[in-house]
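K.L.:
Sequence:
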Amino acid sequence: MQVSAQMVKELRERTGAGMMDCKAALTETGGDLDKAIDTLRKRGLAAAAKKAGRVAADGLVASYIHGGGKLGVLVEVNCETDFVARTEAFQELVRDIAMHVAAAEPRYVRREEVPESEIEHERSIFGEQAAASGKPANVVEKIVAGKIEKFYAESCLLEQPFVKNPDQTVGQMVQEAVAKIGENIQVRRFARFKLGEGIEKKTGDLAAEVAATLSGQA
Numbered sequence: 010m011q012v013s014a015q016m017v018k019e020l021r022e023r024t025g026a027g028m029m030d031c032k033a034a035l036t037e038t039g040g041d042l043d044k045a046i047d048t049l050r051k052r053g054l055a056a057a058a059k060k061a062g063r064v065a066a067d068g069l070v071a072s073y074i075h076g077g078g079k080l081g082v083l084v085e086v087n088c089e090t091d092f093v094a095r096t097e098a099f100q101e102l103v104r105d106i107a108m109h110v111a112a113a114e115p116r117y118v119r120r121e122e123v124p125e126s127e128i129e130h131e132r133s134i135f136g137e138q139a140a141a142s143g144k145p146a147n148v149v150e151k152i153v154a155g156k157i158e159k160f161y162a163e164s165c166l167l168e169q170p171f172v173k174n175p176d177q178t179v180g181q182m183v184q185e186a187v188a189k190i191g192e193n194i195q196v197r198r199f200a201r202f203k204l205g206e207g208i209e210k211k212t213g214d215l216a217a218e219v220a221a222t223l224s225g226q227a
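Residues 10 to 227 (the numbering used here) are what the sequence shown spells out, left to right.
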């Protein structure tokens, strides 16, 4: 059974769980709303969603350095108390998120942060590509909607498949942590630094590096 946007919306309103979690629960239960609610409750996600409105101003800023200093990530993840911030479970979660950012190169934390102008630009490109295939307008619209969802899944941290477990998104991983830890947890921001990124290296630069290496061996 195909899960519609209206079904996901209704489940979200009844449980407060995240969109991706609702869609997954409905898919697993064949679109049965009551069974989907039970699925979310068993996973603790419905209860976790109720915590989302609580203030999370504590937490950690963590780093992940890879490749001998060639790639680095800073990430801020918030929770409600310093006590939780100092627990091994929370610290492991933050490290995992930082590592994921290093590996998956997200551009935004969540889809709400993507500028509307960028979405319209992508929608225009996808629309022209789909229209060129000669398909009917209603089919083109569905194709574009699907490609936009894929764009979010590739660009937004919380919607990306978690690198250590591709069967769940980063957002689902965070919600599971909320259910286990018992506090609101929010990924606030991140910064990713790749050595030399954005710098166009010239031939002379490489020659200088080789010369410096050789002089050091003399």
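Worth double-checking, as some hints may not be accurate.
[As the list claims (entries may be wrong)] List of simulated lysine-lysine pairs, DSBU-like, C-alpha gap at most 35 angstroms: (1) Lys-18 / Lys-144; (2) Lys-189 / Lys-18; (3) Lys-18 / Lys-159; (4) Lys-189 / Lys-44; (5) Lys-189 / Lys-159; (6) Lys-79 / Lys-173; (7) Lys-44 / Lys-18; (8) Lys-32 / Lys-18; (9) Lys-44 / Lys-151; (10) Lys-51 / Lys-173; (11) Lys-18 / Lys-79; (12) Lys-159 / Lys-173; (13) Lys-51 / Lys-203; (14) Lys-51 / Lys-159; (15) Lys-151 / Lys-18; (16) Lys-159 / Lys-144; (17) Lys-203 / Lys-18; (18) Lys-51 / Lys-144; (19) Lys-51 / Lys-189; (20) Lys-51 / Lys-18; (21) Lys-32 / Lys-189; (22) Lys-159 / Lys-44; (23) Lys-203 / Lys-159; (24) Lys-203 / Lys-44; (25) Lys-32 / Lys-79; (26) Lys-159 / Lys-79; (27) Lys-173 / Lys-203; (28) Lys-173 / Lys-189; (29) Lys-44 / Lys-173.
Please keep in mind that the hints were generated in silico from the structure rather than gathered at the bench.
K.L.:
Check the structure against each numbered hint from earlier and tell me which ones fail, lowest number first.
P.N.:
11, 13, 17, 18, 24 and 25
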